[in-house]
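Top to bottom, those sequences are chains A and B. The numbering used here puts the first residue of the first sequence at 1, with every later residue one more than the last. The numbering used here puts the first residue of the second sequence at 1, with every later residue one more than the last.
Heads up, a few of these hints could be off.
As the list claims (entries may be wrong) - Just the calculated beta-carbon pair ranges, DEER-fashion:
{"id": "1", "chain 1": "B", "residue 1": "Glu651", "chain 2": "A", "residue 2": "Pro193", "range": "48 to 56 Å"}
{"id": "2", "chain 1": "B", "residue 1": "Gln585", "chain 2": "A", "residue 2": "Arg115", "range": "42 to 50 Å"}
{"id": "3", "chain 1": "B", "residue 1": "Glu651", "chain 2": "A", "residue 2": "Gly263", "range": "40 to 48 Å"}
{"id": "4", "chain 1": "A", "residue 1": "Ala125", "chain 2": "B", "residue 2": "Gly600", "range": "48 to 56 Å"}
{"id": "5", "chain 1": "B", "residue 1": "Asp54", "chain 2": "A", "residue 2": "Ala125", "range": "53 to 61 Å"}
{"id": "6", "chain 1": "A", "residue 1": "Glu265", "chain 2": "B", "residue 2": "Gly600", "range": "31 to 39 Å"}
Everything labelled a hint here was simulated from the structure, so no lab data went into it. Yeah, the Cβ is synthetic: ideal placement off N, Cα and C, and Gly gets one too.
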Amino acid sequence: MTLAPQEVFRKLTRNIETVIRGQSGAIRKLLAAFASGGHVLLEDNPGTGKTTLAKALARSIGARFKRIQFTPDLLPSDILGVSVFDQRDHAFRFHEGPVFTNILLADEINRASPRTQSALLEAMAEGQVSVEGSTHPLAELFFVIATQNPVEFRGTYPLPEAQMDRFAVQCSLGYVVPEEEVAILSAQEQRHPIDTLAPCVSIDDLLAVRRSVFGVRMSDELKRYVVDVVRQTRAANGVQLGASPRASLALMKAAQALALAEGREFVIPEDVRELAVPVIAHRLIVDPQARFAGVSAVTIVEEILTKVPVPS
Amino acid sequence: MTPPPLLLGAALLFWGWHTGFLLVALPVALLLEAARAVEWRLELSIADFNRVADLCALLIVVSGIYLFSTAGSARGAGGPRAITLLFQWLPLLLFPLIAGQRYSAAGRAPLTAFFWALRRQAARDPQARPATADLGYVYFALCVLSASAANRRTIDFYVGLCALAAWALWPWRSRRYSPLWWAPLLVLAAGVGYVGHIALHNLQRAVEQTVFDFVFNTGTGDTDPFRSTTSLGHLGNLKLSERTLLRVEPGGGVGVPLLLREASYDVYNAPGWFASGAGFTSVPPEADGETWKFVHGPSSGSQVTVAAYLNRGRGVLALPPGAFEIDRLAVVGVHRNRLGAVKVEEGLGLVTYTALFGPRGPLDGPPGDTDLGVPSREAPIVHRIAQELAFEGKSPAERLASIEAYFQRGFRYSTWKGRRESAETAIEEFLVRSRAGHCEYFATATVLLLRAAGVPARYAVGYSVQEWSPLERRYIVRARHSHSWALAFVHGGWRDVDTTPAVWADAERDQGSPFELLHDLWSWAVFVFSRWRWGGDEGSVGRYAGWLLVPLVLLLAWRLYSRRRVGHGGAASAAAAGAIARPGQDSEYYLIERRLESEGRGRRPWEPASAWIQRIHAGELRPIVELHYRYRFDPAGLDPIARVALKAGAEAWLREHPVAEATR
Numbered sequence: 001m002t003l004a005p006q007e008v009f010r011k012l013t014r015n016i017e018t019v020i021r022g023q024s025g026a027i028r029k030l031l032a033a034f035a036s037g038g039h040v041l042l043e044d045n046p047g048t049g050k051t052t053l054a055k056a057l058a059r060s061i062g063a064r065f066k067r068i069q070f071t072p073d074l075l076p077s078d079i080l081g082v083s084v085f086d087q088r089d090h091a092f093r094f095h096e097g098p099v100f101t102n103i104l105l106a107d108e109i110n111r112a113s114p115r116t117q118s119a120l121l122e123a124m125a126e127g128q129v130s131v132e133g134s135t136h137p138l139a140e141l142f143f144v145i146a147t148q149n150p151v152e153f154r155g156t157y158p159l160p161e162a163q164m165d166r167f168a169v170q171c172s173l174g175y176v177v178p179e180e181e182v183a184i185l186s187a188q189e190q191r192h193p194i195d196t197l198a199p200c201v202s203i204d205d206l207l208a209v210r211r212s213v214f215g216v217r218m219s220d221e222l223k224r225y226v227v228d229v230v231r232q233t234r235a236a237n238g239v240q241l242g243a244s245p246r247a248s249l250a251l252m253k254a255a256q257a258l259a260l261a262e263g264r265e266f267v268i269p270e271d272v273r274e275l276a277v278p279v280i281a282h283r284l285i286v287d288p289q290a291r292f293a294g295v296s297a298v299t300i301v302e303e304i305l306t307k308v309p310v311p312s
Numbered sequence: 001m002t003p004p005p006l007l008l009g010a011a012l013l014f015w016g017w018h019t020g021f022l023l024v025a026l027p028v029a030l031l032l033e034a035a036r037a038v039e040w041r042l043e044l045s046i047a048d049f050n051r052v053a054d055l056c057a058l059l060i061v062v063s064g065i066y067l068f069s070t071a072g073s074a075r076g077a078g079g080p081r082a083i084t085l086l087f088q089w090l091p092l093l094l095f096p097l098i099a100g101q102r103y104s105a106a107g108r109a110p111l112t113a114f115f116w117a118l119r120r121q122a123a124r125d126p127q128a129r130p131a132t133a134d135l136g137y138v139y140f141a142l143c144v145l146s147a148s149a150a151n152r153r154t155i156d157f158y159v160g161l162c163a164l165a166a167w168a169l170w171p172w173r174s175r176r177y178s179p180l181w182w183a184p185l186l187v188l189a190a191g192v193g194y195v196g197h198i199a200l201h202n203l204q205r206a207v208e209q210t211v212f213d214f215v216f217n218t219g220t221g222d223t224d225p226f227r228s229t230t231s232l233g234h235l236g237n238l239k240l241s242e243r244t245l246l247r248v249e250p251g252g253g254v255g256v257p258l259l260l261r262e263a264s265y266d267v268y269n270a271p272g273w274f275a276s277g278a279g280f281t282s283v284p285p286e287a288d289g290e291t292w293k294f295v296h297g298p299s300s301g302s303q304v305t306v307a308a309y310l311n312r313g314r315g316v317l318a319l320p321p322g323a324f325e326i327d328r329l330a331v332v333g334v335h336r337n338r339l340g341a342v343k344v345e346e347g348l349g350l351v352t353y354t355a356l357f358g359p360r361g362p363l364d365g366p367p368g369d370t371d372l373g374v375p376s377r378e379a380p381i382v383h384r385i386a387q388e389l390a391f392e393g394k395s396p397a398e399r400l401a402s403i404e405a406y407f408q409r410g411f412r413y414s415t416w417k418g419r420r421e422s423a424e425t426a427i428e429e430f431l432v433r434s435r436a437g438h439c440e441y442f443a444t445a446t447v448l449l450l451r452a453a454g455v456p457a458r459y460a461v462g463y464s465v466q467e468w469s470p471l472e473r474r475y476i477v478r479a480r481h482s483h484s485w486a487l488a489f490v491h492g493g494w495r496d497v498d499t500t501p502a503v504w505a506d507a508e509r510d511q512g513s514p515f516e517l518l519h520d521l522w523s524w525a526v527f528v529f530s531r532w533r534w535g536g537d538e539g540s541v542g543r544y545a546g547w548l549l550v551p552l553v554l555l556l557a558w559r560l561y562s563r564r565r566v567g568h569g570g571a572a573s574a575a576a577a578g579a580i581a582r583p584g585q586d587s588e589y590y591l592i593e594r595r596l597e598s599e600g601r602g603r604r605p606w607e608p609a610s611a612w613i614q615r616i617h618a619g620e621l622r623p624i625v626e627l628h629y630r631y632r633f634d635p636a637g638l639d640p641i642a643r644v645a646l647k648a649g650a651e652a653w654l655r656e657h658p659v660a661e662a663t664r
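The shape of chain B in the complex, shown without the other chains (with noise of 0.2 Å):
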């Protein structure tokens, strides 16, 4: 299948005008089409064509190392681009095949070029003839992909991919109809295609997000400042999985378990916490672009340095209470709003920030009228509790310390949740029957009751740092360790408050799955690479791609020694068949056998003599033949005057075919 006059020209100037080099396009199509109008051909062997394809090889690994090392130092998605561009730069790093080709006397290519299996097949039956294709088809469709790469999105591309196609394919239209029936129906496939492509892109865009979301979406669900859906009144097993969304090494001095809180809120409306008037209000950086401060002015206290994934470069922050300054945190915007949650944008796909963090942090707002709200529905349960624990005349620290006692005595941590009476509500439920929640019901529960005793609450949300990784020699955070508690303003300051029994920790992790460890290992390899990929320093990946190179001279050093072995080897096996005699090698007849040859009528290697002249209709070398066979494989050989004769013959026959002598 030899592809019509000048597409192959076509498809590569189409290249050029969507990427953007058709000022390589156009030199490099006159190249390729101008073999159409040269006479001479290369006689380009199997070995050749197999060199050929390693230099394409090797020119499209060290342009993707290139590509990688400086698309990748950009800030965004750098990998992403780099395979972008490599393969819109594709037909020009296979151009020496193409070009190989065409101008080859084969005029198609081996199929050795491409497959080592097949390589290593010929090396073993040298006899054996490989496979052959012709590459202008597959070359035409990879000019007209490498194209699509540019994604111009402009309707001029599909047009002229039509236009191409339409092209391609009109060699090999059917005969049977005419070309009246062909073009209606290929106007018709062509308006097919427009809407499947359109179908097809929003599949792509779905399937894109989902292939995300598994590998770097770690589940943090893009916490909403705004809102939180707690599962309060879930009935049935509540559980969460072991993936690890944090990496946490706190600072000298820090005591775990820690709380880092990602947003709190004021509002309950069952089953839902809700921040009311939580705009964000962006937060400048210093000078160095990475260091965020929430205060003016020098100021010292403990620090944790945290990893984190962002979902598409966004994300909310976990912070430990009382953050007054974030460092390192490579970002472009920092927002905060008046309840401590900090929204970042623009972000790498992880990052690790340093937070520093004092007693009384400036991120949480004074408390507001919403703070003390206790909503209808619960207000009858929570009053009636406030009573019984007689908070009359005592201060807000005696208040707290009263309802945490009260939450200490029979009350159990429990995920399960059985049925409830359709009258009461979920907190209710909690207090007054079960006394047996998870997190949700006991911070819920604080923060109410904590207003109902006059005290400032707010309703928090994050995780609580507990677990120390042996594999990776830090704490993580795994989903199941996200937690919420109360927030209490005593003091002219907010403190955490966290009624939940201790034990919860340890109830989860015996929920914990079996596959714990190789989930964890997995985890790691995805933050090792991750932390590789959108690592600090910029010329961290281009040092790596030096490293990659190493492999890649290696394979060639052996490539290359592996060959000249293969050399030798050959080398030893014509010796071997040296050792068999081969007598009458001079033998005239073999100019016959040439001439013919060279005259398009040669001997096949595996055809007799008797069969080829048979074949090509030369009945008068039969005597010619009978000699050389007796000079050849008769071991007592040839006697002198039928030595004269076989000479004789052949000379003569060369003599009387002048014809062939014209041809030459």
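Pulled out of the complex, with its shape left as it was, chain A reads as follows (with noise of 0.2 Å):
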């Protein structure tokens, strides 16, 4: 017997939030993106709690959850995995690398060089590793959260422009009101509260909560606004390249996630506005003149949101 979509949403932030506080937008979006199936880039300052999110996200999920911490001499093969001998067999065997799991947590990920990012990133893509001409499917249930943090640049490799594509949804925690930080002191004044974490929903309940997303129903006239506001990333001042059609995808999707957490079986521009930001701005390659000029994607795609009438 699964759950119902909206209490396994309920539960899941429930979980998290007493790990986590004063995040319940960047938890929302997480879930949405999450639901929706696609993957999660968490790009902040260190110590924000990036990594916590991520652990109490897997904790709370019955799940499989591997951690790869990405060095500069981290390889391939350590993501995917490796053929080695077996010298009883005389054959190869595939020994799996932490890909192959439901939920991978890639810690630093501009810290790797390309290859290895690039090996991950086609993981996420397909679904699938290919290693030495064999195919191996991953889970069925495979959930990637990056985290990058913005403020170092000696050795790190920033992920190109057209990697930062395959990730539904970027997003910040930022940091969280005094009392919030006070609270987050008195919990973990004994011991840190994600040690006690359990899982609240499995991994079934999850993949249900997938295949609803797909019921969620939304008007031709919300697609529509979707797409506007995504075409008008590619012709926005400053914009050197816009958001592309996997954009317009990955955005009615998330809000279909998000609609499904609200309990609606039905989008709404509400849906869309909240998500835009997240799911577009992490994929327009700013004009590096407008950059200097202070102009941001995250403010691009604001404006647009104010320039684009909204269906009501």
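Combine the two chains into a complex, taking the hints into account.
Okay, structure coming up:
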């Protein structure tokens, strides 16, 4: 017997919030992307709880969880796995790498070489791993949370724009209000609450939620609104390269998942608007000159949202 | 930035006072300021503003053509006058714009009205709101500028201007300082401005003169009929420009090269030639006002037509030898002196005249004592050569022939002069040592030798007509064709004596600039424009003005056509947009939205309903919005019961909010 989708969202949110405080917005977006089958990139300053959030999500689900700490000398085989010669069988046997899991935390993804990054990103896009001529399918529930911090540049390899497009959602956590920060201190006075975090939903529940997302209805008018917003990024001032149709698709799926989280069977304009920035902004290539002028991808998308009339 | 009350009205009255349109300015100012008194406003869309701006542009163009064709027909500076008048009319011509802004609900004019680029941008992106501007201060500045175009040059203009400027600046003064500081500083600024404007005026005169000289003054340099400074004794290379000065069309039977004389001189005092006793006497015109005769009675002879620029309407005419009549010369005054120079006054920028000439013209007066004088400095060398040539017992014609023959032997043409012994004169150096020089050497030496031989002689300056321009299909005379020669009195008449070797023209041509063709094209364009501008018959400008209207009409037709096309395009895109299903348009929620909009609490186009009701603190609308959203955005639609609930909820809310009713 699986839980109702809304109940799954509610339970997961409550469970995660026992560990991560004051981040309900980020958790909503994370879960929407998770339910829509997309992957998430968390970009924020060190110490804001990116890794904790990822671990809390993984622990809340009774699922396999692996974590890879990305370093410059990490090799693709460290992620995908390697074939080892078995002396007994006189044959090569494939040893699965950490990518064969349900939830993968790719910590500080921008520290690995582009070669290693692309090995992971290929797995994310295809849902399978090709090693030495044979193809190994990944688990049905395969979700990547990657983190990177934007302040350090030395020894990092920024993700190419084309690969940023593989992440459905990019969100940041930001600093919490002082009261919440005090509450974080109090909660960790004795021990970290994550140590006692118990799974609250099963893999089956989550797969059911993912199936339910497909059933969420979306009117043609709202699809048009999604397309209008995405199209505007291609003509906006200060943008070198706008968002692709993949962005429209991701925005629609995430909006459907958000509607499901709200207990609705149809998408409303607010769902689309809430997710437009985290889904679209990281895919834009901003003109360097505009960037010097203080324009960022986020402000561009926000401005577009104030220009395109919303269906009402 | 909105101007303070009554400022625009005052500026308009100021404009009317100075330009003499006070009777027009008064109602216009009243109309403009009445906008403050009346409540009603017009709902002018961006397209309406664009149309008003187009109308104003059309008014300006039509007025410009009208003014140019009417003011241009009068002799004199018609074009500048037309532009000045048009400038004076501007506040009236642009009044529709400022009135439209004043009486519009928006109170500001969109910038698309002024820039086509912005209109195109707006057409591409209909969602974007165009930038707007308040035209108040711009119109104020325009009124003051147009008032200045009346050019009354009185102190009251400046005082009025300062008062208006103070009025305009008063609302924008810094509140940190007392007005007691502000007022004296303003007076100081006005004083500095007064001094500055006098300096600016002087600067403007200088710049105007320079520009005029550059475009129209083609370097004739206003030949001075009293004095000609030569380059005798000038060291180094003598170089003249290829600028075209005259355009010449000789009549039948006139041989080329032809010498056109501007002036002649009788007294030599190195390095200049002077005209003694050469006061000018006025020549009365014939009945038609364009014919000037120097002898009475009908006469016939050869003719040559010359087109020349005049510097500010004045100049000395280049005339063929023996000229006795000038036809079709559009000037007010013609004067001549005893040495054959003809000066004109109050002409147009370009004159085209036909000179009739015969073998013995009346212009050159009879020879006098000065025509035989040899300056003491040059006398020894000249008399020595005269002795060598042995004039004794020869007739004047023979003496002339021997002098011509003398210069053909061993003299060559050169524009280059090297170092000269300090003791010798330029003529001595030329005759004895170098035996090379340019036309001024040859002419001066010839005159002095002729005089030494007892033949009255004068020094003449003018142009040699010799270059045929295939481009213009007529002879052109460049600055480098300027020439000097001698006049000798033989057989009871003056005749030209040109002893300069004929190769001089080739030598000058070889020094031509590689950009000569470009220069000629530009010069020709200026000439064609000048001829059109100052062309003879008075109706021509009006006729051309009529043709100017043709492209204007075509432009308007194209604009109308393209606008219609845009209209069609809009309809097509609306139809395409209609292809997307928009269910639930009959939702009663829209009644609420409209009601709140009328109260000034409307939803912004990009604002979703939930954010809106949160902004206006109308949380009670949440259930209605939820039902409405289901009705609008759920493809499965609303079940009948919920549909009734939506209707009932909306109507109940409308009933419960009679406050909105009252404000309606």
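### Query
So which of those numbered hints doesn't the model satisfy?
Per hint list: 2 and 3 violated.
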